[in-house]
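Q: Each chain, letter by letter, is given below.
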Amino acid sequence: MDSLQEILKWIDSKRQYCFDLLRMYLGVGLMVKGVHFIMNPEFLHDILKTEQLQFLPTAIAHYVALAHLCGGFLLVIGLLSRLAALIQIPVLMGAVFFVHANEGLFTHGQTLEFSSLVLFLLILILIHGSGPLSADDYIFKGSSEES
Amino acid sequence: MIKKCVQFCKQFAPFCYDLTRIYLGIGLLVKGAHFMTHPNFVKIYFNLTQYENVPSYVIYYIALAHLFGGALLAIGFLTRLAAFVQFPILIGAVFIIHFQEGFFSPAQTLEFASLVFFMLLVYMVYGSGPLSVDKLVYKKNSAS
Chain U
0 MDSLQEILKW
10 IDSKRQYCFD
20 LLRMYLGVGL
30 MVKGVHFIMN
40 PEFLHDILKT
50 EQLQFLPTAI
60 AHYVALAHLC
70 GGFLLVIGLL
80 SRLAALIQIP
90 VLMGAVFFVH
100 ANEGLFTHGQ
110 TLEFSSLVLF
120 LLILILIHGS
130 GPLSADDYIF
140 KGSSEES
Chain E
0 MIKKCVQFCK
10 QFAPFCYDLT
20 RIYLGIGLLV
30 KGAHFMTHPN
40 FVKIYFNLTQ
50 YENVPSYVIY
60 YIALAHLFGG
70 ALLAIGFLTR
80 LAAFVQFPIL
90 IGAVFIIHFQ
100 EGFFSPAQTL
110 EFASLVFFML
120 LVYMVYGSGP
130 LSVDKLVYKK
140 NSAS
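Line by line, the protein sequences give chains U and E. Once you know that position 96 of the first sequence is 95 in numbering that gives the first Met the number 0, the rest is easy, because the numbers rise by one and skip nothing. Once you know that position 25 of the second sequence is 24 in numbering that gives the first Met the number 0, the rest is easy, because the numbers rise by one and skip nothing.
Honestly, I wouldn't trust all of these hints.
[Said to hold, decoys possible] Over 10 Å on every C-beta distance to chain U, these chain E residues come out as not near it, computed from the model:
| hint | residue |
| --- | --- |
| 1 | G26 |
| 2 | Y50 |
| 3 | L63 |
[Said to hold, decoys possible] Sample of chain E residues at the chain U side, in silico, Cβ under 10 Å:
| hint | residue |
| --- | --- |
| 4 | C8 |
| 5 | F11 |
| 6 | C15 |
| 7 | L18 |
| 8 | Q49 |
| 9 | V53 |
| 10 | F94 |
| 11 | F98 |
| 12 | F102 |
| 13 | P105 |
| 14 | Q107 |
| 15 | T108 |
| 16 | F111 |
| 17 | L114 |
| 18 | M118 |
| 19 | Y125 |
To be clear, the hints were calculated from the coordinates, so they are not data collected in a lab. Being a predicted model, the structure only gives us computed values, none of them experimental. Backbone N, C-alpha and C define an ideal beta-carbon position, used for all residues, glycine too.
Next up, chain U with everything else stripped away, as it sits in the complex:
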């Protein structure tokens, strides 16, 4: 029992990294998603085609892929985290409210749940910024602001 207490205390001392871990995981996921979108443009095109977005689907597709790729990478290393989250929020807004909203909740694919979870996490990262385990913290240690 004593050692369990010690382990818990040690974990507690590393508590400031927990939000950074979430940010990194999300960043890796979004970056991989961006790479996938770039390698398989027709995948993204199929998603956009099911929508009423007749205007500029190619431009949107390019923005989505690049925002995920660059934004995801920035989130992983924690450089300009707020900006990285901000550029991806419109993409997730589109995913939640235009692409997956008509599928609704409680489908077997759970696509709406997934995109709203990612949207919520991105909004929190926009509020929180990057924590102690990030390039921001390393570079802007002297000044209190990041972006």
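Keeping the supplied structure of chain U fixed, place chain E upon it in accordance with the hints.
A: For chain E alone, kept in the frame of chain U given last:
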């Protein structure tokens, strides 16, 4: 202007970790309630795998663990335990149910399950933050 916005955001920064937990808890609670009322919904997941004749207590464990674990996560009471009881379900969801679909399916089910899996892992390790019942109850002890 931007500096003011950032400054305004920063005062909410300590609660972000807890807000994530609350969101996740509500999501899992709703999921559990949905599974409770639609047990066949869970069975369809198992029908896609080799475990077709899954006993009904497994399904009720899944539903109850999500229901109560989600509620505990949302209020932040016994957070580590709440994450722990749901952990096996997400292992099952990732490695048994959605693994065969693979990454990059249009529905992104494996990505979703692994994201929830990872988040539960983080909460299992770190417990809850300042915005939780744990903090209120166990203020004197450091552990939850």
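Q: If a hint holds in the structure, say so; if it doesn't, say that too.
A: Each hint tested on the structure:
Not every CB of chain U is more than 10 Å from the CB of G26 of chain E (nearest about 7 Å), against its label as outside the interface. Non-interface status of Y50 of chain E relative to chain U is upheld: no Cβ of that chain comes within 10 Å, the nearest being about 17 Å off. With a closest Cβ-Cβ approach of about 18 Å to chain U, L63 of chain E is found to remain outside the 10 Å limit, as its non-interface label requires. For C8 of chain E, the suggested interface contact is upheld, since its CB lies about 5 Å from the closest CB of chain U, less than 10 Å.
Here the hint on F11 of chain E is kept, as its CB sits about 5 Å from the closest CB of chain U, short of 10 Å. For C15 of chain E, the interface hint holds, the least distance from its beta-carbon to any beta-carbon of chain U being 4 Å, beneath 10 Å. This hint holds: L18 of chain E has a C-beta 6 Å from the nearest C-beta of chain U, less than the 10 Å allowed. About 18 Å separates the beta-carbon of Q49 of chain E from the nearest beta-carbon of chain U, more than 10 Å, and the hint is not met.
At about 16 Å, the closest approach between the beta carbon of V53 of chain E and any beta carbon in chain U exceeds 10 Å, and the interface hint on this residue is violated. For F94 of chain E, the interface hint is violated, since its Cβ never comes within 10 Å of a Cβ in chain U; the closest pair sits about 17 Å apart. Interface hint at F98 of chain E: violated, since its Cβ lies 15 Å from the closest Cβ of chain U, which is beyond the 10 Å cut-off. A distance limit of 10 Å between C-beta atoms decides the matter here; for F102 of chain E the minimum to chain U is near 8 Å, and the interface restraint holds.
At a threshold of 10 Å, the smallest CB-CB gap from P105 of chain E to chain U is about 7 Å, leaving the interface hint in force. For Q107 of chain E, the interface hint holds, the least distance from its beta-carbon to any beta-carbon of chain U being 6 Å, beneath 10 Å. A distance limit of 10 Å between C-beta atoms decides the matter here; for T108 of chain E the minimum to chain U is near 6 Å, and the interface restraint holds. This hint holds: F111 of chain E has a C-beta 4 Å from the nearest C-beta of chain U, less than the 10 Å allowed.
Proximity of L114 of chain E to chain U holds as hinted, the smallest CB-CB distance being about 7 Å (cut-off 10 Å). The restraint placing M118 of chain E at the interface with chain U holds, with a minimum CB-CB distance near 7 Å, inside the 10 Å limit. Proximity of Y125 of chain E to chain U holds as hinted, the smallest CB-CB distance being about 4 Å (cut-off 10 Å).
Checked against the numbered hints given earlier, this structure breaks hints 1, 8, 9, 10 and 11; the rest are met.
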